[in-house]
Amino acid sequence: MSTSSSPADPLAPQDGWFGSFGGRYVPETLVAALDALAVAWEQASQDQSFLDDFDRLLVHSVGRPTPISRAPRLTEAAGGGEIVLKREDLAHTGAHKINNTFGQVLLARRMGKHRIIAETGAGQHGVATATACAQFGMTCEVYMGAEDVRRQSLNVFRMRLLGATVHEVEDGSRTLKDATNAAMRDWMGSVESTHYILGSVVGPHPFPLIVRSLQSVIGREARQQCIDQFGRLPDHVVACVGGGSNAAGIFHPFLNDPNVALLGVEAGGQGDKPGQHAAPLCFGQPGVLHGSRSYVLQDQDGQTQDVHSCSAGLDYPGVGPEHAWWKELGRATYERVDDQAALEAFSVLSKLEGILPALESSHAIAAAMRLASTRPKDELILVNLSGRGDKDVLEARTLLEQ
Amino acid sequence: MSRIDDALATTRAEGRAALIPYITAGYPSIAATESVLAALPDAGADIIEVGIPYSDPIADGPVIAGAMHQALEQGVTVDAAMSVIERVRSHSDVPMVAMVSQSIVHRRGGTTFLQNLADVGTDGVVIPDADLNALDSMADTLEALDLACALLIAPTTPPARMVELAQRCRGFVYLLARTGLTGTRSELPDLSERVESLRACTTLPIAAGFGISTAEQVRQATESCDAAIVGSALVNFMGESDDPVAAAVTMVESLATGIHRS
Chain A
2 MSTSSSPADP LAPQDGWFGS FGGRYVPETL VAALDALAVA WEQASQDQSF
52 LDDFDRLLVH SVGRPTPISR APRLTEAAGG GEIVLKREDL AHTGAHKINN
102 TFGQVLLARR MGKHRIIAET GAGQHGVATA TACAQFGMTC EVYMGAEDVR
152 RQSLNVFRMR LLGATVHEVE DGSRTLKDAT NAAMRDWMGS VESTHYILGS
202 VVGPHPFPLI VRSLQSVIGR EARQQCIDQF GRLPDHVVAC VGGGSNAAGI
252 FHPFLNDPNV ALLGVEAGGQ GDKPGQHAAP LCFGQPGVLH GSRSYVLQDQ
302 DGQTQDVHSC SAGLDYPGVG PEHAWWKELG RATYERVDDQ AALEAFSVLS
352 KLEGILPALE SSHAIAAAMR LASTRPKDEL ILVNLSGRGD KDVLEARTLL
402 EQ
Chain B
472 MSRIDDALAT TRAEGRAALI PYITAGYPSI AATESVLAAL PDAGADIIEV
522 GIPYSDPIAD GPVIAGAMHQ ALEQGVTVDA AMSVIERVRS HSDVPMVAMV
572 SQSIVHRRGG TTFLQNLADV GTDGVVIPDA DLNALDSMAD TLEALDLACA
622 LLIAPTTPPA RMVELAQRCR GFVYLLARTG LTGTRSELPD LSERVESLRA
672 CTTLPIAAGF GISTAEQVRQ ATESCDAAIV GSALVNFMGE SDDPVAAAVT
722 MVESLATGIH RS
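Residue numbers (our numbering), protein chains in the order written: chain A, 2 to 403; chain B, 472 to 733.
Everything labelled a hint here was simulated from the structure, so no lab data went into it. Beta carbons are placed, not taken as given, at the ideal position from N, Cα and C, and that holds for glycine. Treat the hints with caution; some may be incorrect.
[As the list claims (entries may be wrong)] Here are the computed distance ranges between Cβ atoms for each label pair:
{"no.": "1", "chain 1": "B", "residue 1": "Glu658", "chain 2": "A", "residue 2": "Asp16", "range": "37 to 47 Å"}
{"no.": "2", "chain 1": "A", "residue 1": "Asp273", "chain 2": "B", "residue 2": "Ala671", "range": "32 to 42 Å"}
{"no.": "3", "chain 1": "B", "residue 1": "Gly546", "chain 2": "A", "residue 2": "Glu193", "range": "38 to 48 Å"}
{"no.": "4", "chain 1": "A", "residue 1": "Gln15", "chain 2": "B", "residue 2": "Ser657", "range": "37 to 47 Å"}
{"no.": "5", "chain 1": "B", "residue 1": "Gln638", "chain 2": "A", "residue 2": "Asn260", "range": "47 to 57 Å"}
{"no.": "6", "chain 1": "A", "residue 1": "Gly190", "chain 2": "B", "residue 2": "Ser668", "range": "41 to 51 Å"}
{"no.": "7", "chain 1": "A", "residue 1": "Leu330", "chain 2": "B", "residue 2": "Ala484", "range": "49 to 59 Å"}
{"no.": "8", "chain 1": "B", "residue 1": "Thr728", "chain 2": "A", "residue 2": "Gln15", "range": "47 to 57 Å"}
{"no.": "9", "chain 1": "A", "residue 1": "Pro275", "chain 2": "B", "residue 2": "Ala610", "range": "32 to 42 Å"}
Please build the complete structure, drawing on both the sequences and the hints.
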């Protein structure tokens, strides 16, 4: 696992900064805890016994490696380049989120902290956190926006079954942004006994680095699987971006493969006007939110704008600072897929491949089909199918019937 | 010499601590804010902290976060908050410190924001979530504009960092009375040891805040500190009253009775 690459690597972060993005914009109360976390992570990531423990969990509890699957009928429908799916939907609990939570629970245990808090949007990170906490006998409290509690009621029930306490957040837009505020506020008062498991590559340093490092297992596996099964690297890697953890996880191991194009897909929602989408890399500008500097959807006063996506996991006005940097460097490109196209992809992948994708991942599927249609048949397009869609069937039924 | 230096030198010369009430600009209304800013000096406020509403304040508890959300829903902009300060400054010498989130400062390009603050007659700024690199890049501007800038010192701040933070403060130092958020609490921890170690690294006045809500807690805090900051309790009291201006005056008069006098 690489945490801090050599200074010679132009794509390696320095002291918590990804170029001019990242940093640590938090109240002083949290600084000591973030320093301690950065030191603990630095040590753990170089400690073979920690890495072995993590690998064992990934194999025996998460079910890794997840396969890559050809998608011949989807490829044929798109008409062009070949689409291959990285099956994070087959990981335990049904999404990539579990890679991060097992790693961070191990880290918390190492730091002697036994109470865990987390924020969640779609509920996948909350379920994954509750799962890891159940396995390790840790106290787990999850903050979730009231609107997301409504949209993802099954995941709320799952978290409670797993022994977690779910706090409904009624502030602001009552979605992931507000759940993140609430979790940070909890941590302000509980920092000495509690570890905060952030679910995405956002927040103050060292969270973006830790989460990306733990999620990079996705890209490392996929890169090797492409070599083993196709004898070559993919030409394109496509992933959806909310906060950006599944995308960062699959992109990072390909960063130094200059012929592999990286495409992040944001939530286009219902239109291009403020409030209609959740696409900060497409429409936002650099700003400060939730402890780091990155692209943010905000008004001229720096107030966070309302966002919209049919997918609770992408319904977030900010994005990880490393993505902002990759965008600025031109190493990755970012586009958007709207609600309707995502819903169509949700149905198409189900019908053509027998795979129900998460609404989040459906954005990546839609973008991959669009891309494939413009590329020759000998090009390989690797898509991160970051989660399964069982959690979305009720919401999808409502939306599809409209 | 800035109004803040003046005020804290005066209270020190009078052998007493200072009282710093906090209010959220535009809560419950811009008109109320303007009247409260005008009325509080006579009620016992030595300096007033004015919070600029932000959509996602992570250091604030439910009372102040709620006040900010309500102000924003009523359409209170950063310019509206600045205009209130400007109007009060036109007829009052009360020292005013803006409490503002980094997102707002950053959006106006950092130094431009500070210039705007100084132009309307603000005397200082507290940016509770500033990154040290961001603060350092604004240090020359703060000095040129003679703006006070208080950094937060937390119970979790280790000694070496305390020195670093204290050295960057201008005007006064903001001592967080406890971990956790702004808001009303029952017990105030003993601050004397932390104040003593802070005095070893700065000669600036020390103001304690976060969770100070009663005259008794003002008394406890100002036994060792040079000033007490009261926010949530005041904002809450104003919000619950039909006459927020009168409520603010009444409460500040009561809090002022707790001020320690030597």
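Hints versus structure:
| no. | hint | in the structure |
| --- | --- | --- |
| 1 | B:Glu658 - A:Asp16: 37 to 47 Å | holds, 38 Å |
| 2 | A:Asp273 - B:Ala671: 32 to 42 Å | violated, 57 Å |
| 3 | B:Gly546 - A:Glu193: 38 to 48 Å | holds, 40 Å |
| 4 | A:Gln15 - B:Ser657: 37 to 47 Å | holds, 45 Å |
| 5 | B:Gln638 - A:Asn260: 47 to 57 Å | holds, 50 Å |
| 6 | A:Gly190 - B:Ser668: 41 to 51 Å | violated, 23 Å |
| 7 | A:Leu330 - B:Ala484: 49 to 59 Å | holds, 57 Å |
| 8 | B:Thr728 - A:Gln15: 47 to 57 Å | holds, 53 Å |
| 9 | A:Pro275 - B:Ala610: 32 to 42 Å | holds, 34 Å |
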